[in-house]
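A.B. asks: Protein chains in written order, with the working numbering: chain A, 1 to 279; chain B, 1 to 337; chain C, 1 to 284; chain D, 1 to 142.
What the hints contain is simulated information worked out from the structure, not anything from laboratory work.
Glycine residues also receive a C-beta, built at the ideal position from the N, C-alpha and C atoms.
There's no promise every hint is true.
Stated by the list, open to error - Computed beta-carbon distance windows for the label pairs:
| hint | chain 1 | residue 1 | chain 2 | residue 2 | range |
| --- | --- | --- | --- | --- | --- |
| 1 | C | Glu66 | D | Arg119 | 49 to 55 Å |
| 2 | D | Thr75 | B | Ser72 | 40 to 46 Å |
| 3 | A | Thr11 | D | Pro130 | 27 to 33 Å |
| 4 | A | Arg39 | D | Pro130 | 44 to 50 Å |
| 5 | D | Pro130 | C | Thr71 | 50 to 56 Å |
| 6 | C | Glu66 | D | Ala37 | 37 to 43 Å |
| 7 | C | Thr71 | B | Thr212 | 47 to 53 Å |
| 8 | B | Arg160 | C | Ser172 | 47 to 53 Å |
| 9 | B | Asp275 | D | Asp4 | 50 to 56 Å |
Stated by the list, open to error - 20 Å max Cα-Cα, derived EDC-like pairs, lysine to aspartate or glutamate:
| hint | chain 1 | residue 1 | chain 2 | residue 2 |
| --- | --- | --- | --- | --- |
| 10 | B | Lys31 | C | Glu190 |
| 11 | A | Lys55 | A | Glu91 |
| 12 | B | Lys288 | C | Asp111 |
| 13 | B | Lys31 | C | Asp239 |
| 14 | A | Lys14 | A | Glu111 |
| 15 | B | Lys217 | A | Glu273 |
| 16 | B | Lys289 | C | Glu66 |
| 17 | B | Lys289 | B | Asp275 |
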Amino acid sequence: MENPYIPMPVTVDKIFIEVDTKEIKTFRLAFVNKTDEERFNYRPGQFAELSIYGKGESPIGIASSPTDKGYVEFTVQKAGIVTSELHDLEEGAQIGLRGPLGNSWPLEFLEGKNIVIVGGGFAFTTLRSLANFMLNDEQRSRFGKIVMIYGARTPGLLCYKPELKAWEDRSDMETFVTVDKGDNNWKGREGFVPTVCKQVAPSSENAVAVICGPPVMIRFTLPVFFELGFSKENILTSLEMKMKCGFGKCGRCNVGHKYVCKDGPVFSLAELENLSREY
Amino acid sequence: MITKIGREKLQEFVAGLMKSGRLFAPVKEGKGTNFKLITDPQSVTLDFYNTIQSPKAVLFPQSEDLVNYNISHDGIASEPAPIDDGSRIILGVRPCDVQSFEIMDRLFNGSGIVDPYWSARRSNLTIIAYAFDRADPVDFYNAFGITGSDEQGSDILMVRDTNSFLFKAFTDKGTKLLETMPFLEKGTADDEKRMTEIVDKGRDIATRTLDTAEIHKRLAGIFDSPYWEEAAAACLNCGVCTYVCPTCHCFDIQDETLFGEGSRRKIWDSCMFSDFTLHASGHNPRTKKSQRLRQRINHKFSYYVENFGIISCVGCGRCTRSCPVNIDILTVVEEAR
Amino acid sequence: MIQIEKRLREEAKRLLETKEAAVVLAFGRGFDEEHPMPLILRKPSDAEKIVFNEYCTFNMARHLTEFPPGTKIAVAVKAADSRAVTVLIQEGKVKREDLIILGIPVAGMKDFRSGTAIDATTTGPAVNPVLYDILLADLLPEPKDVSPYDVLAEIEAMSPDDRWGFWSAEFSRCIRCYACRKACPLCYCETCFVDQAKPRWSEKSPSASSNMMFHLTRFYHLAGRCIDCGSCSRACPMDIPLYLFHKKVSKECEEMFDQAAGMCVDAKPVMVDFKVEDSDDILL
Amino acid sequence: MSFDPKILGIACNWCTYTGADLAGTTRLHYPHNVRVARVMCSSRINPAFIFRAFVLGADGVLVGGCHPGDCHYSTGNLYARRRLAVTKKILEFAGLEPERFRVAWISASEGNIFAETVREFTEQVRNLGPQTKLAAQKRMLA
Chain A
1 MENPYIPMPV TVDKIFIEVD TKEIKTFRLA FVNKTDEERF NYRPGQFAEL SIYGKGESPI
61 GIASSPTDKG YVEFTVQKAG IVTSELHDLE EGAQIGLRGP LGNSWPLEFL EGKNIVIVGG
121 GFAFTTLRSL ANFMLNDEQR SRFGKIVMIY GARTPGLLCY KPELKAWEDR SDMETFVTVD
181 KGDNNWKGRE GFVPTVCKQV APSSENAVAV ICGPPVMIRF TLPVFFELGF SKENILTSLE
241 MKMKCGFGKC GRCNVGHKYV CKDGPVFSLA ELENLSREY
Chain B
1 MITKIGREKL QEFVAGLMKS GRLFAPVKEG KGTNFKLITD PQSVTLDFYN TIQSPKAVLF
61 PQSEDLVNYN ISHDGIASEP APIDDGSRII LGVRPCDVQS FEIMDRLFNG SGIVDPYWSA
121 RRSNLTIIAY AFDRADPVDF YNAFGITGSD EQGSDILMVR DTNSFLFKAF TDKGTKLLET
181 MPFLEKGTAD DEKRMTEIVD KGRDIATRTL DTAEIHKRLA GIFDSPYWEE AAAACLNCGV
241 CTYVCPTCHC FDIQDETLFG EGSRRKIWDS CMFSDFTLHA SGHNPRTKKS QRLRQRINHK
301 FSYYVENFGI ISCVGCGRCT RSCPVNIDIL TVVEEAR
Chain C
1 MIQIEKRLRE EAKRLLETKE AAVVLAFGRG FDEEHPMPLI LRKPSDAEKI VFNEYCTFNM
61 ARHLTEFPPG TKIAVAVKAA DSRAVTVLIQ EGKVKREDLI ILGIPVAGMK DFRSGTAIDA
121 TTTGPAVNPV LYDILLADLL PEPKDVSPYD VLAEIEAMSP DDRWGFWSAE FSRCIRCYAC
181 RKACPLCYCE TCFVDQAKPR WSEKSPSASS NMMFHLTRFY HLAGRCIDCG SCSRACPMDI
241 PLYLFHKKVS KECEEMFDQA AGMCVDAKPV MVDFKVEDSD DILL
Chain D
1 MSFDPKILGI ACNWCTYTGA DLAGTTRLHY PHNVRVARVM CSSRINPAFI FRAFVLGADG
61 VLVGGCHPGD CHYSTGNLYA RRRLAVTKKI LEFAGLEPER FRVAWISASE GNIFAETVRE
121 FTEQVRNLGP QTKLAAQKRM LA
């Protein structure tokens with residue numbers, strides 16, 4: 001029996017500084033053991049516990065897509081002890097990885113539907129995983145139209161800049177990148193994510209909206225989607241909670257009787273409505 | 001079949017048990033008793049109503065190493081801490097506490113990913129239950145269909161007679177354990193009768209009780225009620241209730257390092273503490289003590305029922321007895337309407 | 001005590017009716033007579049829920065810091081409790097003008113968990129509150145020739161090694177439930193040092209050294225402030241005699257700085273104060 | 001081999017630390033056992049530093065500050081005097097040998113007194129032997 005508490009060794013292969021404040025970095029990790037790599041079968045939307053001995057563990061959403069072979073990526077904001085330590089690491093360092101954990105974006109449910117991806121700031125990581133998965137040559141045909149709306153406070157705070165550019169250039173999706181406030185070099189869109197959603201007005205016809213972002217963005221974005229005719233079943237989001245074990249034993253990440261680590265982090269709005277508002 | 005030993009020979013019995021595995025039994029501690037690993041048969045006492053802390057620590061210690069590591073200039077060397085899964089015997093577990101193991105099994109052993117620490121020790125555990133011979137005003141195990149002399153879930157049931165202890169095994173494991181102690185007397189027909197009498201008496205102990213029908217729905221229905229403010233008004237938000245509880249199982253995972261040597265540890269935690277749900281960002285979904293008390297009650301009487309089909313409480317009364325401000329869990333649940 | 005209960009109900013009702021107080025901190029019924037509970041009242045009609053008997057040992061000063069600044073609070077206090085209120089005023093945690101202090105002179109309290117009498121061994125011997133606005137009973141004669149520190153003699157006489165052995169055994173039982181800290185009227189820190197992650201002062205796992213680190217630092221934090229109410233020790237599920245250590249620290253502070261904690265609202269707690277003439281001998 | 005104690009020194013920036021510097025520049029010999037940490041003022045010392053030092057295995061703790069009346073911040077060391085006195089009483093009542101903790105007022109010009117204090121204190125702690133009471137076991141729960 002595999003011990004679910006024991007992390008697998010991984011090497012930090014590459015570090016990408018995502019934002020100009022350097023507070024968000026993407027870590028590309030490579031498995032030390034081939035068997036671990038084979039076992040780490042994940043789906044977009046899942047997360048894993050990154051760990052540094054002597055500091056602890058931190059649950060982080062997986063930012064890469066399972067179609068990316070040979071590595072797994074995590075985008076980490078510097079906040080607590082573990083994430084600060086991660087930010088101080090250099091390429092080549094060895095850390096621990098435990099997972100994959102949690103449910104995922106419901107790929108089977110999304111199949112054949114038009115997908116509207118709405119992301120704000122740093123909460124975009126597992127949406128990036130989903131996007132890259134759906135845009136993979138072998139997967140693309142499983143999904144309908146893809147509309148992506150992604151915003152950050154400033155141009156410097158947009159994550160995954162090279163990919164955003166590539167997505168904007170793609171003909172099989174529509175990408176709208178926006179910033180709350182541009183700077184002298186910014187030639188793109190300005191405006192809050194909810195406003196842009198209103199302008200873009202994606203059709204709710206056979207469509208699912210997948211929304212992740214800071215609470216204030218979600219609060220103002222949801223009414224826009226209701227107005228567009230999206231039902232609560234067709235709006236999905238991913239919750240964040242303080243977690244420890246990651247598989248439903250340690251008892252701290254529950255919202256009502258659901259455990260975000262094991263029953264989530266992905267929930268539909270309809271599911272959340274049935275749970276106590278304690279997150 | 002009944003076996004028996006004179007009360008004066010308790011130490012001999014304890015020494016006999018110690019030969020079959022690590023023995024955990026009640027030992028005087030402070031003004032009360034607690035389950036301890038027994039190294040000296042003389043330390044065991046069976047003169048107690050119930051222990052201050054529950055027996056859960058026998059399978060789920062307050063702090064347990066997951067990984068041991070060593071951090072040096074050359075890097076980090078780590079290895080999983082060995083799971084201490086040797087055979088364990090618990091002597092003197094009250095019938096309500098025996099049920100707590102079954103409740104915890106559903107979480108640690110029977111749902112989704114199995115917890116290897118609990119699981120390994122659980123399968124190597126022999127439980128000697130100890131029937132109550134009196135009631136305490138605080139207990140309410142009757143509410144969960146548990147009686148004062150229930151053998152359910154135990155390997156051996158022990159009762160106390162005037163001058164002796166009587167035993168009856170209910171599992172093969174129990175029978176075999178008793179057979180390792182030839183000095184135990186074979187019970188006579190009279191002893192048989194005595195045992196039945198004592199068990200009957202134990203069964204008739206009337207504790208407080210609670211209408212548990214649809215309780216999880218009732219609690220779900222009043223989640224937003226101002227009741228919780230009222231119920232938690234006196235609460236100090238210490239962790240006593242959760243640390244003495246036989247079914248509270250929430251834990252933290254922490255790295256504890258000293259001079260480069262350390263361990264990643266599973267450590268009991270309490271939903272009563274404000275940092276239990278505090279995010280690294282500073283956000284906390286439960287900032288108020290009323291929210292935390294509500295979580296504790298709901299976790300036991302609502303969420304656990306939803307997830308595992310059983311109320312996560314055995315009515316042992318420990319939390320009420322140990323509460324510094326006399327918050328009574330039964331009253332809190334009863335008045336939650 | 002029945003008389004005190006009656007007076008407490010009357011005053012609580014009156015204060016809430018006249019809105020002189022928004023909240024009354026008193027004692028209420030628990031699951032039985034011998035197990036009362038702290039009671040936080042906001043409605044005049046709830047005044048009849050007040051009880052007072054020998055088991056009402058709670059130091060209601062503990063709840064004073066739960067309310068937003070400016071809340072008018074009436075608080076029922078016994079002798080030691082009133083000293084806790086005094087310290088909270090000294091430290092600026094509550095304002096004197098926001099408080100209506102209902103003083104209860106009383107002797108013969110009992111620990112509801114053990115049923116035993118609470119005397120000068122586990123708390124201060126005083127029976128009268130030092131600070132009050134309304135007295136709910138006549139002042140009692142203070143016991144003479146009783147020192148709160150008599151109980152220390154035995155431990156003070158021990159050799160360092162024996163004392164270490166004594167405390168090691170006591171603290172080895174600590175399960176780190178923090179009931180002591182939470183029951184203490186003066187442990188009001190938003191984040192206790194022991195819960196701090198950066199720096200980490202003490203491990204979360206109970207162990208000989210982490211338990212000692214927690215308790216010694218807590219004793220220090222209560223130095224010159226502890227008013228010997230005994231709440232910590234009564235709250236401890238493991239019966240650790242914390243009061244002994246607190247008493248010792250109080251005794252030393254009184255001897256060195258010539259001031260007992262919480263006796264006068266105008267005084268400064270000794271640990272945030274100094275005298276130029278403090279002797280260097282105290283460091284020996 | 002004789003016991004070589006580990007002693008934490010905490011010295012205030014203005015007096016004792018400068019005094020220690022002076023001891024060094026005037027090439028006074030004193031034992032290497034005291035590792036000095038510098039704080040801006042003796043009143044910056046949180047008693048938990050001292051408890052923690054003992055938990056982390058210090059055999060002794062030596063605190064140095066300006067002479068009362070000479071504090072760079074005028075009254076810092078007067079607060080510190082009270083705090084450190086209580087700290088000492090706590091350690092003593094817990095059962096730790098009080099001789100393991102000392103406070104010394106050493107001015108910037110008293111390099112010789114610094115060296116002498118270190119010498120004396122080191123010998124005192126050496127005679128007490130290793131501090132095993134508060135010190136955490138390497139395997140903390142062993």
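A.B. asks: Could you run down the list of hints and mark each one as holding or not?
C.D. replies: Results of checking the hints against the structure:
Between C:Glu66 and D:Arg119, the C-beta spacing of about 54 Å keeps the proposed range 49 to 55 Å intact. Restraint check, D:Thr75 to B:Ser72: a C-beta distance of roughly 44 Å satisfies the suggested window 40 to 46 Å. For A:Thr11 and D:Pro130, the hinted distance range of 27 to 33 Å is not satisfied, since their beta carbons lie about 41 Å from each other. Separation of A:Arg39 from D:Pro130 is about 48 Å and conforms to the stated range, judged on CB atoms against 44 to 50 Å.
In this structure the supplied range 50 to 56 Å holds for D:Pro130 paired with C:Thr71, their Cβ-Cβ distance being about 54 Å. Our hint of 37 to 43 Å for C:Glu66 and D:Ala37 holds, since their Cβ atoms are close to 39 Å apart. Between C:Thr71 and B:Thr212 the beta carbon distance is about 39 Å. The supplied range of 47 to 53 Å is therefore violated. For B:Arg160 and C:Ser172, the hinted distance range of 47 to 53 Å is not satisfied, since their beta carbons lie about 30 Å from each other.
At about 41 Å, the CB distance of B:Asp275 to D:Asp4 disagrees with the hint of 50 to 56 Å. For the hint linking B:Lys31 to C:Glu190, the alpha-carbon distance of about 32 Å lies beyond 20 Å, and the restraint is violated. Proposed proximity of A:Lys55 and A:Glu91 is supported: the alpha carbons are some 18 Å apart, at most 20 Å. At most 20 Å may separate the alpha-carbon atoms for a hinted pair to count; B:Lys288 and C:Asp111 exceed this at roughly 29 Å.
Between B:Lys31 and C:Asp239, the direct Cα distance comes to roughly 6 Å. Compliance with the 20 Å bound is thereby established for this hinted pair. Annotation: proposed proximity of A:Lys14 to A:Glu111 is violated, straight-line Cα distance about 33 Å (limit 20 Å). A C-alpha spacing of about 16 Å is found between B:Lys217 and A:Glu273, which places the hinted pair at or below 20 Å, so the restraint holds. Distance hint between B:Lys289 and C:Glu66 is fulfilled; the C-alpha atoms sit about 10 Å from each other, no more than 20 Å.
For the hint pairing B:Lys289 with B:Asp275, the CA-to-CA distance comes to about 12 Å; that is within 20 Å, so the pair holds.
This entry does not satisfy hints 3, 7, 8, 9, 10, 12, 14, going by the numbered hints stated previously.
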